[in-house]
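Protein chains in written order, with numbering that gives the first Met the number 0: chain A, 0 to 936; chain B, 0 to 321.
I should point out that these hints are in silico values taken from the structure, not numbers from a laboratory.
Be careful, since some hints might not be right.
[Said to hold, decoys possible] Straight line, CA to CA, 16 Å or less: simulated EDC-like cross-link-like pairs of lysine to aspartate or glutamate:
#1 A:LYS910 <-> A:ASP853
#2 A:LYS910 <-> A:ASP867
#3 A:LYS703 <-> B:ASP43
#4 B:LYS35 <-> B:ASP22
#5 B:LYS35 <-> A:GLU874
#6 A:LYS576 <-> A:GLU637
[As the list claims (entries may be wrong)] Cβ pair distances, simulated, as ranges:
#7 B:THR285 <-> A:GLN27: 33 to 39 Å
#8 B:THR285 <-> A:GLY407: 20 to 26 Å
#9 A:GLY612 <-> B:LEU211: 28 to 34 Å
#10 A:LEU891 <-> B:ARG313: 55 to 61 Å
#11 A:SER691 <-> B:ARG50: 53 to 59 Å
#12 A:PRO58 <-> B:THR262: 36 to 42 Å
All C-beta atoms, glycine included, are put in the ideal place defined by N, C-alpha and C.
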Amino acid sequence: MATALLVAAVAAAGIVWLNRGDEPPPVQTHEALLALPGGPGETAPVSLDTTLYLPERTPAPAVLVAHGFGGSKLSVDADARELAQRGFVVLTWSARGFGRSGGRIALNSTDHEVADARGLVDWLAKRPEVILDGENDPKVGVTGGSYGGALSLLLAGTDKRVDALAPVITYNDLSQALVPNSATLGEVAGSPSANAFADDGVFKRSWAGIFFASGMGAAGLANPSAEATEAGDEEPRDSGGAAAPVDVGRPDRLPTPDDGNPCGRFVESVCRAYAQVATTGRADQATIDLMRSVSPSSVTKNITQPTMLVQGEQDTLFGLDQADATARQISAAGGEVKVVWYTGGHDGGKPGPGLRGEIADWFDFHLRGLGDDPGTPFEYAVQGALRAQGAPSVRTVTASGYPGLTGGPATERRAVRVDGVAQTIVNPPGGNPASISSMPGLGSVISGSARLAGRVAIDLPGQSARFASPPLDQQLLIAGASTVRLRVSTVPNLPAPDGAVLFAKLYDVGPDGVRTLPGSAVSAFRVPGLPTDGTPVEVTVALPGIVRPIETDHRIELVVTTTDQAYATPSQAAAYKVELASDTSVQVPVVAGARSSSAPPAGPLIGIGIVLGIGLIAGIVGMIRRRREDDVDAELTEVPLVIENLSKSYPGGLRAVDSLSFRVERGQVLGLLGPNGAGKTTTLRMLTGLISPSDGQIRVFGHKIHSGAPVLSRIGSFVEGAGFLPHLSGRANLELYWAATGRPVERAHFAEALEIAGLGNAVERKVRTYSQGMRQRLAIAQAMLGFPDLMVLDEPTNGLDPPQIHQMRDVLRRYAATGRTVLVSSHLLAEVEQTCDHVVVMHRGKLVAAGSVDEIVAGGGEATFRVDDPESAAEALRGVTGINAVTVEGSLVHADLDGLPRSAALSVLVKAGVAVEQAGPRRRLEDVFLELVGEGS
Amino acid sequence: MNENGHKDVPVVIHTNVSTVHTDPAAIDEMAVAAGKESTGFGPDGSVEGFRQGRTLPLRVELVRQLRRRRTQFLLAFLVVLPFLLWAAFEFGSSDNARRSGGFVDLATASAPNFVVFILFATGSFLLPMIVALFFGDTIASEASWSSLKYLLSMPVPRQRLLRQKAISSGLLSLLCLVLLPAVALAVGIVFYGTGEAVSPTGDAVSFEDSMLALVFSIAYISVNLLWVAALALFLSVTTDAPLGAVGGTVLVSILSQILDQITALGDLRDYLPTHWSFAWSDLIATDIDWSNMTKGAFSAVTYAAVFFFLASRRFRTKDITS
């Protein structure tokens, strides 16, 4: 046991030691303030606060990691470190207007922030740690989340030196992100999450406000802080968003002269544009132009570098439609695009370790040719609609490519019929109260909770039109933005000069009526120019991009509302009639995953093969070893039992049997006599192969006994107590015992054996109800089954009453009379004397005496007389010729009569005038035995 | 009455020892029958009609086990369990656990989901316990009844005894592992219909495919529980107390599961025998990932081989003293 523990401890230590190899390599950091040109409209150069992360081995390719809106270089420290540990030189910096950097926020203006990034690429080209592609052209990739993601795209579109990029949860067109319009008179593109991106949208005021406030220093709500759940994670990262502290300001932000300025650190044009849209609720052309000029959509036509677009499924700020548009534009420009939708987003969480690793893999391959080609697949994470604790709730579906890109097939769309009559819905004056779909900035708190996810949505009666599908007859996995054609018209006497502002959402309705709004997402759209006569305008509405499995028996429900708290809605009261267009179906995008058809890993399979092989070999070796030559002594084949020099020592030095030798002949009833603890039972156990001798051997009919020796089948035994299955009847026990020997039933002689047991009807009772004596008799019957040539009975009369003992003697004698042999052990002299014809006396494991009972009991010719006057009697006997060895012992006189009959000796005593009370053979065995027992007790 | 027509024995229902007796005529009969019986024997010393390879046939061992109350109760319990769970879902109170999209909805989505749920619910404790019960009890209970020595002195060779015992325990365990999901499936079909199997990750597998997945799941669970079987058998030959062998095995399983909860152990947990016990859930997917199941099978087979070897070695040389 101690050895086993030691081995286990050494093994554990070894494993721990091996695992130490996983320690991350060290990363060196260098901080620097770099001065870069201020750009148009700026009087002074800006100073950027940068950190350079150096991997263990340089030179290496570089990666720029840009931070999100409201953050600073510190907010991407962990990501940068992780990439540096993967072997990249990583440069982070605080963008203009953020952190300790100077300058003002121009929203990724090409001449400002993007120019800064180009300056940083120049700077990297001069660093000796960075591998160069050419003169002033470092090998560099760029990544970043949200604001930083947009910078990645803008930099790649304006600087060909960028070799690969991985923008995360970012926008394609800021004007469509903040002032979206999802309805068009025409068609939407063929990609899974394409949006109409029509002009004159609806202002997303909550998010815009949070975004703007972030620029003023209130960072916390703009970017997700917790990590999103990934495939393989066992628990949904419940309340992860709530657990993370919400920052209300960056500690590293310096007080600036801008404090107290309503524009904060924004440049005037941005500030003015925001004020314009925020106060009026409609964006004018100048505002739209500004937003478009700083959007990646302005440069995506130039991006040909390999791009990995990561977008979140929980994102009411920059939804899947934004990445969709980017992917189409880059693809059209000839760039290769890998699209990944993960479970997070601005409402969900940052990419988890798996996705970050995938981004690093992207740079590994595209910057230094390491690893497998990631290709351009489309991956999307599916979060199950039904959750179980302790089970992963997310899986990743991988398709060969993003559908609807240039040269590729369009997305498969499945028509799901929805029903509903034309409904009239009202926009309340002031747009209040409003329906609720999402909680911008708090979305991650909500989406992290299984209880709240998608359930906060409220549609107000009178403001919403509903169109529901019948229950689905099989699961429908929505992957992207469904589209629906709607007819919108005015109601008589309530014209809508500005057009109708409406919100469309797609619910998952369970059979119990519980409604879930996947992604908390809503599509805002404006139908301009509604004819006053009530003629309907038919538009195609792109519903929000979501990933959601709609289970069997669930329904989808399309809801069109007039209000949404997150958006700026018209303040004047209005009413519209909304109805489905003639095809009355929602076109749902589905993207089938490619079967990975991955074979099981080879390593464990080979391991299983090796283990099975070793097991097989061990089995064969064991079989060969067991098939040892049967050890037969040909001279002894007629002798039932020969024990030679048998010894058994137990651990601890107890020598239970010590050099025991005796022999039993056919037809004998041999008694093995000895006090308790003499080694009788141990001898019998060795005889039946249950324990192995330390020394010496036992031969039964010439065959040496070992465990499982076939000759044991000629022995019927009852050793130290009965062994029956207590839940079975006596008869069933005997029958099953015999069945287990595998011998023919007719050889068992159940009837005779049960008669001997004499249990009557009790044989049908369960053995657990038997008394000790009944068990004993049943056990003897069991030993007798098949009439074995050698029957071994250990204390057979224990627990039997005198008449039964008497019968048992008879049974054993008669049994031996059939030419068979019986070996009986007992600690009672009388028992052996009356039952056996031969006896072996044992004491303390050693043979004391052996021979026929008569011989030993009679002690040769010796006789004992009980007399009144022992001295005279001894005198008289000594006088007779032939009588010698006369001894006196109390009132007893012993003498060796040497062939003289006891009657002759008796008459001598009578003649000598001695009164004889008793005369008989001298019981020497008893003397010996009593001595032993006396000593033993 | 006996078949030899020994009709003069009065048939009395004896209830205590003193009235149980052997009729003198029976002794005569025995002596006559024994005298007639031939005493032929083979060259290896075995009595006529005895062959080692025929000892302790599986059928006999299965009858010995199946006639135990314990086995019967267990099988009955496995039949009843799915009904109990159905009733619990049906009549359970309607608070937290019933919320839409939660665990009850997942379990009752369809018949295959109900089966998967039951396999999940029983997978960490009940199934290992059943296997531990059959394998841990098999030798130790014979030792505790003192019947082991009579089996061995028949003689059933020790390796054969161990093998036959292991095979019959395995068959009984397999019976339980099949019976439970089979009843659950029947209950599920009746109450929840033959819908798609839906996984927590939102994957949907058609009913037909899910049947195949369930067959593979049971096969995997059976393989994965081999380590429990082997450990229980090892403890069974080591101790004479059946409870010790069964309890010890269950204890090790629980310990392994507790350690598996400690995420700080990281990759070390891969070496825990229970780490892969739920890898079969990968089968409820449209795109099946076999890697975890392969690792789990490797882990289980390796542990099982070690413990089976130890059990075999221990039993081969052990002194039977009970």
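We went through each hint and held it up to the structure:
1. A:LYS910 <-> A:ASP853: Status violated; Cα separation ~30 Å.
2. A:LYS910 <-> A:ASP867: Judged against 16 Å, a Cα distance of about 14 Å means the pair holds.
3. A:LYS703 <-> B:ASP43: holds, 10 Å
4. B:LYS35 <-> B:ASP22: Not satisfied, since the Cα-Cα distance of roughly 20 Å exceeds 16 Å.
5. B:LYS35 <-> A:GLU874: Not satisfied, since the Cα-Cα distance of roughly 58 Å exceeds 16 Å.
6. A:LYS576 <-> A:GLU637: violated, 113 Å
7. B:THR285 <-> A:GLN27: 33 to 39 Å: violated, 47 Å
8. B:THR285 <-> A:GLY407: 20 to 26 Å: Distance hint for THR285 of chain B, GLY407 of chain A holds at roughly 22 Å.
9. A:GLY612 <-> B:LEU211: 28 to 34 Å: holds, 29 Å
10. A:LEU891 <-> B:ARG313: 55 to 61 Å: Given range 55 to 61 Å: holds, Cβ gap about 57 Å.
11. A:SER691 <-> B:ARG50: 53 to 59 Å: Violated: the Cβ-Cβ distance is about 24 Å, outside 53 to 59 Å.
12. A:PRO58 <-> B:THR262: 36 to 42 Å: holds, 37 Å
Consistency with the previously given hints fails for numbers 1, 4, 5, 6, 7, 11, ordered from lowest to highest.
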